[in-house]
Amino acid sequence: MSKLPDETFRDTIGTIDDEGHRRFIFPKKPSGRFYDYRKWVSYFLLLILIANPFIKINGNQFMMFNVLERRFNIFGFPFWPQDFYLFVIFMIVGVVFVILFTVIFGRIFCGWVCPQTIFLEMVFRRIEYWIEGDRGAQIRLEKQEWNAEKIKKKGLKWIVFLIISFFIANVFLAYLISSDELLKMIKEGPKNHLSTLISLFIFTGVFYFIFAWFREQVCIIACPYGRLQGVLLDDKSINVAYDFVRGEKEIGRAKFNNQEDRATTGKGDCIDCKQCVHVCPTGIDIRNGTQLECINCTACIDECDTIMEGVGLPKGLIRYASEDEIEKNAKFKFTARMKGYSAVLFILVGVLIGLLFLRTEVEAVILRLPGQLFQHKGDNISNIYTFKIINKTNNDFNDIHFKLAGIKGTLKVVGEQDLKVPRQGMKSGTLFIEINQFLLESDKTKLEIEVYDGNKLIETSGTNFLSPRSFD
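Throughout the sequence shown, residue numbering follows the numbering used here, covering 1 to 472 in sequence.
It is possible that part of the hints are untrue.
As the list claims (entries may be wrong) - Using C-beta positions, here's what the derived DEER-type ranges look like:
no.	residue 1	residue 2	range
1	Phe167	Glu250	16 to 26 Å
2	Gly155	Arg337	47 to 57 Å
3	Lys274	Leu141	15 to 25 Å
4	Leu141	Lys39	35 to 45 Å
5	Ile89	Lys39	12 to 22 Å
6	Leu156	Gly312	35 to 45 Å
As the list claims (entries may be wrong) - Each computed DMTMM-like pair below joins lysine to aspartate or glutamate, with the alpha-carbon atoms no more than 25 Å apart:
no.	residue 1	residue 2
7	Lys427	Asp396
8	Lys28	Glu188
9	Lys333	Glu250
10	Lys408	Asp379
11	Lys315	Glu250
12	Lys331	Asp234
13	Lys249	Glu309
14	Lys249	Glu149
15	Lys377	Glu309
16	Lys420	Glu323
17	Lys187	Glu69
18	Lys388	Glu459
19	Lys28	Asp285
Just so you know, the hints here were simulated from the structure itself, not pulled from any lab data. Note that this is a predicted model, so its numbers are computed, not measured. Using N, Cα and C, we set each Cβ at its ideal position, and we do this for glycine too.
Work out the full structure, taking the sequences as your base and the hints as a guide.
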């Protein structure tokens with residue numbers, strides 16, 4: 001009778017000890033072909049992440065998420081509050097794409113694309129290796145007393161971390177308030193932008209806390225995407241996986257002995273060196289199977305391949321594979337579940353493209369002033385309205401005026417007559433409409449109001465005109 005596997009690891013988190021205290025992870029510095037690939041991908045994404053808010057297309061910031069004003073730019077395409085439904089659909093498309101990608105490839109997004117992983121593993125940890133040394137040196141430094149060496153190394157690391165956190169906070173702020181506003185604050189000085197400065201300090205503190213202390217806990221505890229794995233993954237999903245069939249065989253894991261032939265002894269190819277555990281940035285043992293802490297960073301693949309090569313055994317004991325491939329030697333298949341998610345994604349993308357084509361570049365909203373009744377002015381009936389014109393284009397409108405369509409009447413703007421709407425701007429105001437009562441056929445007449453910029457019709461808006469029920 002075979003021994004049941006020990007699954008006590010599922011009841012605990014690798015970063016918390018038996019007493020419930022935080023157990024800091026000191027991962028070994030990874031190296032290998034996948035790590036080299038990840039470095040190039042990470043540096044490329046870092047470049048994009050930093051450059052995005054400072055790139056402009058047709059005068060629009062390439063990426064901006066101004067939550068306070070509900071203005072968003074995605075790939076240089078502006079979304080106003082009136083376009084919020086488009087932004088929501090765009091986000092849903094992104095979520096469905098990530099879900100489909102997870103069903104097929106597991107949590108590969110976390111290991112290769114997620115900004116949290118990229119900054120932590122490719123920026124902050126690399127600085128840590130440079131200042132404090134590799135895993136063993138970091139553990140020794142952590143245990144030693146606070147002497148001159150420890151103060152020097154820890155102090156230097158914390159100062160560098162704080163500077164980088166401040167830089168990241170500036171980039172993050174450029175996404176939120178726009179790069180133009182950030183550069184304006186820098187040019188005019190923080191004294192004139194205290195609220196922005198306070199926000200900058202808050203973001204710096206948050207990023208410093210995350211990357212200096214909280215670290216992998218974000219992926220394990222805070223990130224909801226990690227929890228989705230349990231719902232999205234199945235036996236067909238491709239993950240970073242340990243080949244337990246080859247690694248355990250009949251007897252199980254055993255230390256390497258170059259004097260014996262493991263094929264004849266029944267020992268598995270896993271020599272229990274625990275290097276895959278030491279290199280893991282979340283502190284798990286990949287040999288225990290798929291776990292929510294695993295971010296698919298491939299560090300264990302590189303480390304295991306190096307060990308296998310060193311002891312003369314085939315590589316790939318830990319590799320990208322599905323559970324069905326390892327256990328049943330089954331080839332990858334595009335399942336009905338994957339097809340279903342693909343169909344949903346295809347439909348959503350089609351809807352989004354259609355709505356983008358239907359989106360107007362100018363939006364005019366004309367509404368009757370709430371709580372105001374119509375007024376008699378001799379034979380004319382007058383109603384008061386508020387108007388709002390939103391210019392989503394990159395052209396200034398310098399001569400805005402209104403015309404009634406389909407009915408004779410007068411339209412007068414209150415106050416400023418020379419209406420101008422700057423590019424990516426908005427103009428609001430009040431206007432009166434007067435119509436002869438004998439031209440009105442009911443107590444609520446539908447009106448169409450044309451909005452012109454000079455001689456060019458830029459938008460048509462509909463509204464209601466109230467009048468008495470009878471003119472007898």
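> Quick one, are Lys315 and Glu250 close enough, alpha carbons at most 25 Å?
Replying inline: holds, 20 Å
> Would the pair Lys249 and Glu149 pass a check requiring their Cα atoms to be no farther apart than 25 Å?
Replying inline: violated, 48 Å
> Quick one, are Lys388 and Glu459 close enough, alpha carbons at most 25 Å?
Replying inline: holds, 12 Å
>> Hint check: Lys249 vs Glu309, CA-CA at most 25 Å. Holds or violated?
In response: holds, 19 Å
> Range hint 35 to 45 Å: satisfied by the CB atoms of Leu156 and Gly312?
Replying inline: holds, 42 Å
>> Between the alpha carbons of Lys408 and Asp379, is the straight-line distance 25 Å or under?
In response: holds, 13 Å
> Is Lys377 close enough to Glu309, meaning Cα to Cα at most 25 Å?
Replying inline: violated, 95 Å
>> Does Glu250 sit within 25 Å of Lys333, going by the straight-line distance between their CA atoms?
In response: violated, 29 Å
> So the hint says 12 to 22 Å: do the beta-carbon atoms of Ile89 and Lys39 match that?
Replying inline: violated, 35 Å
> Under the criterion that the straight-line Cα-Cα distance not exceed 25 Å, is the pair Lys28, Asp285 satisfied?
Replying inline: With Cα atoms ~14 Å apart, Lys28 and Asp285 stay inside 25 Å; holds.
> Between Leu141 and Lys39, is the Cβ distance one that fits in 35 to 45 Å?
Replying inline: violated, 25 Å
> Using the C-beta atoms of Gly155 and Arg337, is the stated range 47 to 57 Å upheld?
Replying inline: With a Cβ separation near 52 Å, Gly155 and Arg337 satisfy 47 to 57 Å, so the hint holds.
Violated hints for the displayed structure, listed by number in ascending order: 1, 4, 5, 8, 9, 14, 15 and 16.
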